[in-house]
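Q: If you want the building blocks of each chain, they are given just below.
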Amino acid sequence: MATSHEKGTFFALSYEAKYSDTPAFKFFVIANAIVTVYAFLVLFIPSESQLWGLVLALDLVFTMLLISSISAALAVAQVGKKGNSSAGWLPVCGQVTKYCNQVTGALVAGFIAIITYIILLLYSIYTFLNPLLGKNG
Amino acid sequence: MALQNEDKLEVGYSSLQPKPKKWVLLMLRLLAFFATAAATVVMGLNKETKTLVVATVGTTPIKATLTAKFQHTPAFVFFVIANGLASIHNLVMIMGDLFGQKLDYKGLRLAMIAILDMMTVALISGGASAAAFMAELGKNGNSHARWNSICDKYKTFCDHGGGALIASFAGLILMLIISVMSIIKLLIKPKPDSTTVVP
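Protein chains in written order, with our numbering: chain X, 1 to 137; chain H, 1 to 199.
Same shape as in the complex, but just chain X:
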């Protein structure tokens, strides 16, 4: 399972806008950081260990966490880019362009991370279930 992992975190620190201004971005950073540490630790588990069942369960939970974090960050970033005329919220991307670009880059990296993670999850389910299904059937 030594596939390459790509996780996207960002620490956009422009002169005016920080990622910590919005709870959604904070959630995104924390979720991706947790998954990065977890993925790094999983790389070191030996092949035939008993822990792979736990890894499978945690994979499912972390995939869900990643999906929800990118969904939240995307929702807030969309408001920042396009604004919301009915709530009277003006788009801020005009003022802090560098921040917006960095956030966009982080979201793209997050998408790649999710796709990689889904493939990883399907692969680990397949690896885990195949010997068991072979025994039963």
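Relax, there's no trap hidden among the hints.
With a cut-off of at most 30 Å between alpha-carbon atoms, the simulated DSS-like pairs for lysine-lysine come out as follows:
| id | chain 1 | residue 1 | chain 2 | residue 2 |
| --- | --- | --- | --- | --- |
| 1 | H | 139 | X | 81 |
| 2 | X | 82 | H | 139 |
| 3 | H | 139 | H | 63 |
| 4 | H | 153 | X | 26 |
| 5 | X | 81 | H | 69 |
| 6 | H | 139 | X | 26 |
| 7 | X | 26 | H | 69 |
| 8 | H | 63 | X | 82 |
| 9 | H | 153 | X | 82 |
| 10 | H | 155 | X | 81 |
| 11 | X | 82 | H | 47 |
| 12 | H | 50 | X | 82 |
| 13 | X | 26 | X | 98 |
| 14 | H | 155 | H | 63 |
| 15 | H | 50 | X | 81 |
| 16 | X | 81 | H | 153 |
| 17 | X | 26 | H | 155 |
| 18 | X | 81 | H | 47 |
| 19 | X | 82 | H | 155 |
| 20 | X | 82 | H | 69 |
| 21 | X | 98 | H | 139 |
Partial list, derived from the structure: chain X residues whose beta carbon lies under 7 Å from chain H:
| id | residue |
| --- | --- |
| 22 | 64 |
| 23 | 71 |
| 24 | 75 |
| 25 | 87 |
Just so you know, these hints were derived from the structure itself, not from any lab.
Backbone N, C-alpha and C fix where the C-beta goes; we use that ideal spot for every residue, glycine too.
Since the structure of chain X is provided, determine the placement of chain H on it from the hints.
A: For chain H alone, kept in the frame of chain X given last:
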């Protein structure tokens, strides 16, 4: 003789085991269906109209009518769509459980159910979290971006949105439990052919 005893034991075991689990799973699916359907309906009908006095010309005040609809925010639209799809998924699964016992596609039925359940969990979690953070933005505003909070003006809209979010989160937890149970069923369910095959 020993093989016959083993067969009897296995048949007895397998006929006893799935019964309580089957009803538990069905009840959980029913609850999840109600939760996600409630979230869809409450957010889908979320609309508030407010009439504000904008200016006064002479003695007649000029009124402006402002509405807050869920369609204004893409996150809420995604929320409604995700919960709607999740309720349809649950409905189809309940119907399949009750009426379609013979339907099987090359023995892949349980695997398909497990994968579809996981996809629905992912969908609901995305929709619920996006709507939750948008609702937090609407409630607290964002001083750095000069976005004012709208909940003091549209109190009913915010309340209904909050209720829909709670229902969706309850549905998410239920769907997570259902998904785990489906995967466990996939792991330990003895295949009906294995008891008749005598090595």
